[in-house]
Amino acid sequence: MVNLAVDINGYTLKNPVMTASGTFGFGEEYEDFIDIDALGGIVVKGTTREHREGNPYPRMAETPSGMLNAVGLQNKGVEHFASNIYPRIKHYDTGIFVNVSGSTIEDYVATAERINELDHIPGIELNISCPNVKEGGMSFGVHCPSAIAVTEAVRKVYKKHMMVKLSPNVTDVTDIAKGVEGAGADSVSLINTLLGMAIDAEKRKPLLSTITGGLSGPAVKPVALRMVWQVYNAVKVPVIGMGGIMNATDAIEFMLAGATAIQVGTGNFVDPTMTIKILDGIKDYMERHKINDVNELIGGMHV
Amino acid sequence: MKKHVELFKVTQNRRINAEYMILHVASENKLPEILPGQFVEIKVENGPNTFLRRPISIHEVDHDKNEIILLIQEVGEGTQLMAKLQPGDDLDMIYPLGNSFTTEGIKKAVLVGGGVGVAPMLILGRELKAKGVTPYFLLGARNSEILMDLDEYLKINEVGVTTEDGSQGIKGFVTDHSLLNEQLADMDMVYTCGPDPMMRAVAAKAKEAGVDCEVSLENMMACGFGACLCCVVDTLGGNKCTCTEGPVFNTKELKGW
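Each protein sequence line maps, in turn, to chains A and B.
Oh and the first sequence: position 227 is 227 in our numbering, straight run, nothing missing.
Oh and the second sequence: position 85 is 85 in our numbering, straight run, nothing missing.
It is worth saying that the hints were derived from the structure and are not from the lab.
Do not rely on the hints blindly, as some may be mistaken.
What the hints assert, rightly or not - Simulated DEER-style distance windows between Cβ atoms:
#1 A/Glu28 / B/Glu164: 24 to 34 Å
#2 B/Lys255 / A/Asp37: 35 to 45 Å
#3 A/His51 / B/Leu154: 45 to 55 Å
#4 A/Lys205 / B/Glu253: 23 to 33 Å
#5 B/Pro32 / A/His143: 20 to 30 Å
#6 A/Gly182 / B/Arg200: 53 to 63 Å
#7 A/Asn116 / B/Met1: 46 to 56 Å
#8 A/Asp35 / B/Asp89: 28 to 38 Å
All C-beta atoms in this analysis are idealised placements derived from N, C-alpha and C, irrespective of residue type, glycine included.
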């Protein structure tokens, strides 16, 4: 038997395959396709203090090897999550992380405090990198002082695992990573979407209602891999890698670059069983390479 | 209804005119119940420009052969690749997706399809007839060249036709036909699927006559099963997903219709 369990700073994931927020609903959307309990962890849809309707349609555009989205954190608010959704999903035998977002530090703190009360939620993913909301979201994550301020404020009230999701839309991602590590992050996850845009040349119009949106999918993978490697070399906390992962080879590349665990995002839309295929593929890879412990892969790139 | 992701086998891919083809795909398993208005999400292999699945409306279901039949219009790279599918080829589909047209409590209905939007009207017409409802088809096209073969529809009931150039049926738009004018007040429901301006014009006619109208929307979506939240439509109850809470909506629920 090979060991697939990984430790993210005191919390054990049964395997390194997680799902990325905003691509996996609350897990329930995938129950027809896969056994949720087989996953290492799931990060549920971005949650804010109050209900948010999100951005107007159109919210997506297909682009070469990827897509742009401008959903804008549509969700029914943390209280709705705690009272209505949490009771339905708390039985999952997997690490359920709630992606927490907000427009002000007070919003983040209030949301994290409420999530802290939920016994079957072992951690949050602090989203300081959503490019699709006008104020807040990414604005926290692209400047070191604000990234540190929001992380410190949430750290004071949130007692369990705090993962901080980093934006790639910065000059040096390691500055922000080191900043949030110092402010109390237990781990960092990256990358969130890259800011992009698409135009319909015939109509001379933007394809998204918000003009710009977040790029994801295989198109971003080389950028994500590079940033994971840079951050792995800059911080001591575990790195959770994501960005265009579509198969086990992609997942293993992220681990070799330094990721302790990985998140599958946009790939879930293309194949709702992708996470399970990746998990099986990682096992196959370990067998072929005679690796007994998946932890040997972390940062295992030979240079 | 449980959703499946499954590899189907192409059994037939028949071009019916310059723009449309009818694709038959078979399952090795017994097909589950599939309702009129539901759709599939097709994975089109190869090429950076066909990254996401393509949502396609279900045209017919053959439970004896375990076949799903799709009407496809060649519009972009994805549907061009589908046009090349040959019998024996695999096709990865997620199905059945979405809600369905309301068929309860209706005696007479008009089914308005424009362009490739006629796709769900055949399965709906069959279902209505089986339930004792009289379906009146009204099909619109730019010209007779790209109009559907009417045989299958005529087996169910009469078919009204409009073409923009007058090459078949009444010259003009579907809204110029008597089914959406003098005859409309007798109907209990108008079902429509097609280009957005056509559906809005049809819905306006129905509203004027005080008849309920259900539209099948084609909002762009990334997943098709309620995870991406990209395909939302603005309703009186807030943003709703076209893929899971639609694609069929009563226009009374929709803002701006």
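Hints and how they fare:
The hint said 24 to 34 Å for the Cβ distance between A/Glu28 and B/Glu164, and at roughly 45 Å that hint is violated. As the Cβ distance of B/Lys255 to A/Asp37 is approximately 40 Å, the hint placing it in 35 to 45 Å holds. Distance hint check for A/His51 and B/Leu154: the Cβ-Cβ separation is about 50 Å, which falls inside the suggested range of 45 to 55 Å. A C-beta distance of roughly 27 Å is found between A/Lys205 and B/Glu253, which places it inside the suggested range of 23 to 33 Å.
Taken as a hint, the range 20 to 30 Å is violated for the pair B/Pro32 and A/His143, whose Cβ atoms sit roughly 52 Å apart. The beta-carbon spacing between A/Gly182 and B/Arg200, approximately 56 Å, falls within the hinted interval of 53 to 63 Å. Checked against the hint of 46 to 56 Å, the pair A/Asn116 and B/Met1 fails, with Cβ atoms roughly 37 Å apart. One distance hint, 28 to 38 Å for the beta-carbon pair A/Asp35 and B/Asp89, holds here, with the actual separation near 30 Å.
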